[in-house]
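Protein chains: 4
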Amino acid sequence: MHILDDKFKEECGVFGIFSRDNDDIDVASMTYYGLYALQHRGQESAGIVVSNGHKLNCYKGMGLVSDVFNESILSIFDGKSAIGHVRYSTTGSSHIENAQPLMKKYKSGNIAIAHNGNLVNAKLVKDELSKDGCLFDSEGDTEVILNLIVENKSNDLKEAISSSLKNIKGSYALVILTEDKLIGIRDPNGIRPLCIGKIDNSYILCSESCALDAIGADFVRDVLPGEIVIIDKEGLKSDRFTDRIECKTCAFEYVYFARPDSTIDGINVYESRVKAGKILYRESPVDADVVIGVPDSGIPAAVGFAEASGIPYGIGFIKNKYIARTFIAPSKKLRERAVSVKLNPLKMNVEGKRVVIVDDSIVRGTTSKRLVEILRKAGAKEVHFRVSSPVVKCPCYFGIDTPYRKDLIGANFSVDEIRQKIGADSLAYIDIAGMIESFGKNDKKDYCLGCFNGLYPMPTPDKETEALV
Amino acid sequence: MHILDDKFKEECGVFGIFSRDNDDIDVASMTYYGLYALQHRGQESAGIVVSNGHKLNCYKGMGLVSDVFNESILSIFDGKSAIGHVRYSTTGSSHIENAQPLMKKYKSGNIAIAHNGNLVNAKLVKDELSKDGCLFDSEGDTEVILNLIVENKSNDLKEAISSSLKNIKGSYALVILTEDKLIGIRDPNGIRPLCIGKIDNSYILCSESCALDAIGADFVRDVLPGEIVIIDKEGLKSDRFTDRIECKTCAFEYVYFARPDSTIDGINVYESRVKAGKILYRESPVDADVVIGVPDSGIPAAVGFAEASGIPYGIGFIKNKYIARTFIAPSKKLRERAVSVKLNPLKMNVEGKRVVIVDDSIVRGTTSKRLVEILRKAGAKEVHFRVSSPVVKCPCYFGIDTPYRKDLIGANFSVDEIRQKIGADSLAYIDIAGMIESFGKNDKKDYCLGCFNGLYPMPTPDKETEALV
Amino acid sequence: MHILDDKFKEECGVFGIFSRDNDDIDVASMTYYGLYALQHRGQESAGIVVSNGHKLNCYKGMGLVSDVFNESILSIFDGKSAIGHVRYSTTGSSHIENAQPLMKKYKSGNIAIAHNGNLVNAKLVKDELSKDGCLFDSEGDTEVILNLIVENKSNDLKEAISSSLKNIKGSYALVILTEDKLIGIRDPNGIRPLCIGKIDNSYILCSESCALDAIGADFVRDVLPGEIVIIDKEGLKSDRFTDRIECKTCAFEYVYFARPDSTIDGINVYESRVKAGKILYRESPVDADVVIGVPDSGIPAAVGFAEASGIPYGIGFIKNKYIARTFIAPSKKLRERAVSVKLNPLKMNVEGKRVVIVDDSIVRGTTSKRLVEILRKAGAKEVHFRVSSPVVKCPCYFGIDTPYRKDLIGANFSVDEIRQKIGADSLAYIDIAGMIESFGKNDKKDYCLGCFNGLYPMPTPDKETEALV
Amino acid sequence: MHILDDKFKEECGVFGIFSRDNDDIDVASMTYYGLYALQHRGQESAGIVVSNGHKLNCYKGMGLVSDVFNESILSIFDGKSAIGHVRYSTTGSSHIENAQPLMKKYKSGNIAIAHNGNLVNAKLVKDELSKDGCLFDSEGDTEVILNLIVENKSNDLKEAISSSLKNIKGSYALVILTEDKLIGIRDPNGIRPLCIGKIDNSYILCSESCALDAIGADFVRDVLPGEIVIIDKEGLKSDRFTDRIECKTCAFEYVYFARPDSTIDGINVYESRVKAGKILYRESPVDADVVIGVPDSGIPAAVGFAEASGIPYGIGFIKNKYIARTFIAPSKKLRERAVSVKLNPLKMNVEGKRVVIVDDSIVRGTTSKRLVEILRKAGAKEVHFRVSSPVVKCPCYFGIDTPYRKDLIGANFSVDEIRQKIGADSLAYIDIAGMIESFGKNDKKDYCLGCFNGLYPMPTPDKETEALV
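Residue numbers (the UniProt record's numbering), protein chains in the order written: chain A, 1 to 469; chain B, 1 to 469; chain C, 1 to 469; chain D, 1 to 469.
Hints listed in this document are in silico derivations from the structure and should not be mistaken for laboratory results. Since the model is a prediction, treat every value here as computed from it, not as a measurement. Keep in mind that a hint or two might mislead.
If chains are identical, the list can't say which one is meant, so a pair holds when it fits in one copy or spans any two.
To be verified - Restricting the straight-line Cα-Cα distance to at most 25 Å, the calculated cross-link-like pairs of lysine-lysine (DSS-like) are: (1) K55 / K80; (2) K347 / K369; (3) K55 / K181; (4) K198 / K347; (5) K107 / K153; (6) K198 / K333; (7) K105 / K158; (8) K104 / K332; (9) K107 / K333; (10) K104 / K80; (11) K55 / K332.
Take these sequences, add in the hints, and give me the full structure.
Right, dumping it as structure tokens:
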């Protein structure tokens, strides 16, 4: 659908709320608005599970949060705690069975789970569980985690969870709901984000802080790597389920995935993007008449580049606001006719000018090529392409939908080859050190840079690697 | 639906294409993309009529262009010329019967019409026609025009049209399709825009030039007030259907309705908005730390204000991209909890700062009040509100959906009273002269300023006026 | 939509269930299947309200029961008692606001109501209530009843209801739900049916006994005219809210509306229809080769006619099973081409034969005419039309959607004129005495025969009468 | 969805129309109504291709004919010839890619094809074609046939088709459309039906004669096994594409698939079913009080059984008319509560009686068991089950969706074992000779009886056999 949308895809957003004391909170509506704020993390399916104290009720469906739920559905939910999930639309298995949260019975009641991330040893664990007669209804990793918990012999839920997590490897930000508890978990590397908020006496867990703003809640803190937080009538308790902790937040959250109004692990996303633009200018300066950004995620870096360079910032493209899943992509013939239906260049800002165009990343290169063409057709004298992330060279195994290596332009060509392919007069990427600098001066903090340098926080499965390569 | 969208509503967009010679153009697809570019002018319904030379075929439906049409439908259209229409969603009569284009039989075949604008004497003419036994299927003005043409006794289409137009008063940008002709008409005051484009040897007519860009066509010129252009196999012929011509382009097209990448009657919309921001600073300067714009239409004026003032421009709000008709608006209770689901302030740009917020207009004032609240909650030290259009005091009779006068805040309160109501530290509107200056130095050009000063290009119907007042 | 469906339309079906003791009953699912069994009483909208003991939750939507509800929606309902409603699709006001059950707050909690019937003094009562500041959200009668109850000053619900009912006149079979009670009411004339069923220790109320069969419940008895039954944890209690009771069951329930597998006020619908066929033969015998019935409601009377006459019964028409709301009715041109898309005659049963065709009623006569044409085209030598209800001459004011008097063929023409119009060789209707005989020998039982003889159980509103005449 | 619908499933219906001379026929509407009459042959998807003389236009979608098409879509079709297709909903590959007609380019234009049947050597041929570089977009057999034709080297279409058909084995009733021709083909065994009709000067091809009645056309004759008929402006020409012809019409068409108002290969379906009922009584008489049929397809045989036995015929079950794809099937728990939502027994016809129940076939036996239970619960004293087809023992390879052999009750159990399983007092099937007798005295006519006796008209693929066994 997105002809100009050649980006990595995030795989999920999670949300949870536990209403305490006499807080008069409609948890289903709160979850609805929280998921709506996290909609950018997944548009394939949406689901909400509400606990009414003695039963969990679940509603999920394919599509956007606003497609799946209506007022009547929200109104028949009844309860004081809830979790929700939005899932990204991969092409393959877009089935309702894979929609989350997932729900199962376990020893002492029901349990529901929502997951953002990806396991690297899911197949192995699944095979083990299947051997023991465990059945799977969905294709995803999440049911592996859920079944581990459900099959665990311990009568204590926290222990069952902690012990289950010892068996899995990969990235996971989890929210779990039982009749009387809301639980949040972040993997030992903290690859995917998860934070805690508060409204009156009630607690919220969510993938990004922008969901707290959406519902008028206050940010408390991030869940720590390897931490498990348990919220119930008594309040919030925290524990560690492992000691082998090493924070490796996914760098791409800052570069592209997260909403600019979120703050993740102490780093404000918008601020880091503006800084990246400044550093990008410092690293790869160019003489030009105007700096423009690719809407929407390239804008903050363009603003930073303009500020650092003194070159005026201008709006380069007008984006059609009416993007829909059902939009018919132009045929090749029409594309050759220079149809530009999603982004239209603002001629007065580019005609006869030397243009710096800033984007956050280049994945396949097809969009970048198209943008350069459009700018030239609109009269740009020169087009200098600047990218506020380093060259993407490797696939992700931790929750991002990346194309096969053969389709990753950065995995197969030099920067100058890419420049030629996209037709720019110059091309520069920020380097890895520059990107890390843009995140701030916190020297203790570390990041997962796997897609840039191939160094992952843990061994990745060989077979699947080959498949992806 | 749009809780933060307290704006005037445009009532329609029109598009037409006539493919000549051997141009291998898929006119149905072209119309689809053209309408998609004009989607901001109407989201209630969409329709396309295609002529295959001996018959007109019509398909229309409720919803966005991308909802109404799919590839199969476009593919079964067959022909060399087409017109299309997008219609605004008024609350009242959202019925398929009112969707356009409208189609009828007439003496020498079939005729289809698509209309942007509003007649002020529709009721009178309709009553006359009804007396003569003419039947109406829809509620709108457009069928009045169509029936006048169809009932006209002349055998010559152009004459039938010209003579029909003498009976109607109001605003109208029309595209008309017959088996072998595409016709474009603009009312004698040129209140609503209509322009001509060309691609190879084929002609396009459309409400705004952005639709030409979308399909890769070149801008030729605007249709003139009082002009009728007839396109057929021979090419384009122009004529006047009246001599009483006085150009009065709707000023609100520049202020808010039109897409910033369009150029209307020689004035680039984006440029005029930036200029308005500059003039606004000149007229009502203020000392501040940051200038922010209300997305999306307030941004260019904010950029202009920043540039003129030297105060840094910043992104003030992150807008949720997943706006849908089915979105559930937050309840009053949730709004009081400071839920901010559509626009989230970017704290780092406003916290502790004196903020200038620029919007293009204030209609009811509800949104403005909410924005000021949100900014204060995000930590703004001062909030100075600037509006890049003059105070809106009167309803529109020429194609804009305006609220009743009692709901127009500018019709009932002084600027200082409005300031108090919205809770801003200061409030200023551009004045009418300033706005006209922003459109450019073309002294000959005139505008309809009715909603600002109550002076309309022609007498308005008294009864209806009362109803609206 | 129904080209061959020229029948009166029933206006509603109601259902209620109260689960007692430890009966493990899923009341939402039970209501779903109960409404599904009553679907023939209304296809416009469907709704369910469930009480979870401290709150009423409502879900309703436009369309069939199977369109409105899905498994997820049913599963998130939680509770031990419920009511449901199906509503007939009138052309005018097919809005969700008019869908039932309706729900309001009252002194001691929430109250929901579902109604089958029609008030004759609704406008008067509504005006009274409105004067006292009472607000109405829907157009229907039902909200009048609900508001009377809600506004009543008594603190005792039963008293509030009884006193409210004193103010209304017309037909009403009502089911009412509060947090802890299920209430059933039938108007003093018992015009619309309502019966009581039981499953284990749990009670059911529903319009027709076929809904009891559908869910495996046992029939207990009919609710009596003027009776109010209150079901709660203690069991079922009965009371009368008036002494002016005179049973006048709508005769058309037996003739056409009710499902043949229902038993209403002691009369089995199927049996009465077969008997009507026998009496019809006795009254208007004819020599013929085959008796056929018009599917579906004419079949039992045809079976009876065949049995009484000794003429063989045959299947006359094959009905297309795939009838849908979205079906495109054939154009006049196609109808003239003898297109027969809904009913196809079974040639081998009619070709060269003298055919008796039995239908339950004739309303406009258009379908009857069409059926005679189709039979003749299929080779019938003679066509004798027999109608198992008397001539319909007057509109209904008690819950049936009847056409204007000018469209009622029986109100405007003699039987012989009708015969000529529909093109039959002979035509006979059962007479009123014959119809009453078909209902059984119960001499004490009386019926509303208003649509046949203009004698209604109570005065009808004059103004509205005129409008209908 | 169909809890009481334990039947074989037909796999398709086809329709074609070629309008000649000045016949003023709307071929798209005709195809719509024709497909609607054939809807029982497939409910998964529907499609229409129309030729306007120089181009083929196609529209298809998932769902019923009335879901897929609306008036606007039909109205934009333009042309004088058309084909259409309805497809059965198998659970597996319910994708739009498999919807028919299929369309491709070939040497001299475009070609569209619609197919009812199944090839037994599709995989082999597909592999051959793929080796030669031929690409496939769908999973079905039909594209194999289409690609054979398209890839054929002959410039003469008839020759290309005839030569292609030599490569395929199985059952096929085909309609093919090009810009200027409509072609009908039936496989050398004539397993699936196809007939010719006429309206004015225009020709129709369709799976069953009921589609001719639906559109007011006259039946001309059946297409012969091994015949190819070509219809164009000149009229209808017939040829044989093979000499190895042996008519083997599928016996199940008469038993269950075809509509009773159709006549196939000279045998009237209704008549054959009534006769089967008579023969069934002769073969397996029983003393009883009433004969009832299972709606809808068991009714005619019940009528015949009653007539032959002198036992009165009665309506045994009332069928809910509002069956929809979205209907929620009752849970096991509810089924155990004797919920009977689709078929409700008419108590007065079965209570205290010895009942003969006639059905057309038993596949899995689950429905039969349920029906016996329901009858007993309704008070039947004895239940004698009679089946108007022989025991189904083998899968079908020629266009019917049959369950795995392990699920075919007749393949695994003796008649008495089946009787015990379904709980009947007696059980009898018609024997094969009896069924053939019911088809008429035409000794020359032969049938495919594969599902009854395992003797197929041609060798079946071993591997797949195993898979099915």
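Taking the hints in turn, this is what the structure says about them:
1. K55 / K80: Classified as both; 11 Å inside a copy, 14 Å across copies.
2. K347 / K369: within (18 Å within a copy, 35 Å between copies)
3. K55 / K181: Result: close both inside a copy and across copies, 12 Å intra and 23 Å inter.
4. K198 / K347: So K198 and K347 pass the 25 Å test across copies only (18 Å; inside, 47 Å).
5. K107 / K153: Classified as within; 9 Å inside a copy, 51 Å across copies.
6. K198 / K333: For K198 and K333, only the inter-copy Cα distance (17 Å) is at most 25 Å; the intra-copy one is 54 Å.
7. K105 / K158: within (16 Å within a copy, 42 Å between copies)
8. K104 / K332: Between. Shortest inter-copy distance 19 Å satisfies the 25 Å Cα cut-off; intra-copy 47 Å does not.
9. K107 / K333: between (60 Å within a copy, 22 Å between copies)
10. K104 / K80: both (19 Å within a copy, 23 Å between copies)
11. K55 / K332: Answer is between; shortest inter-copy Cα gap is 21 Å, intra-copy 53 Å.
Checked against the numbered hints listed earlier, the structure breaks none of them; every hint is satisfied.
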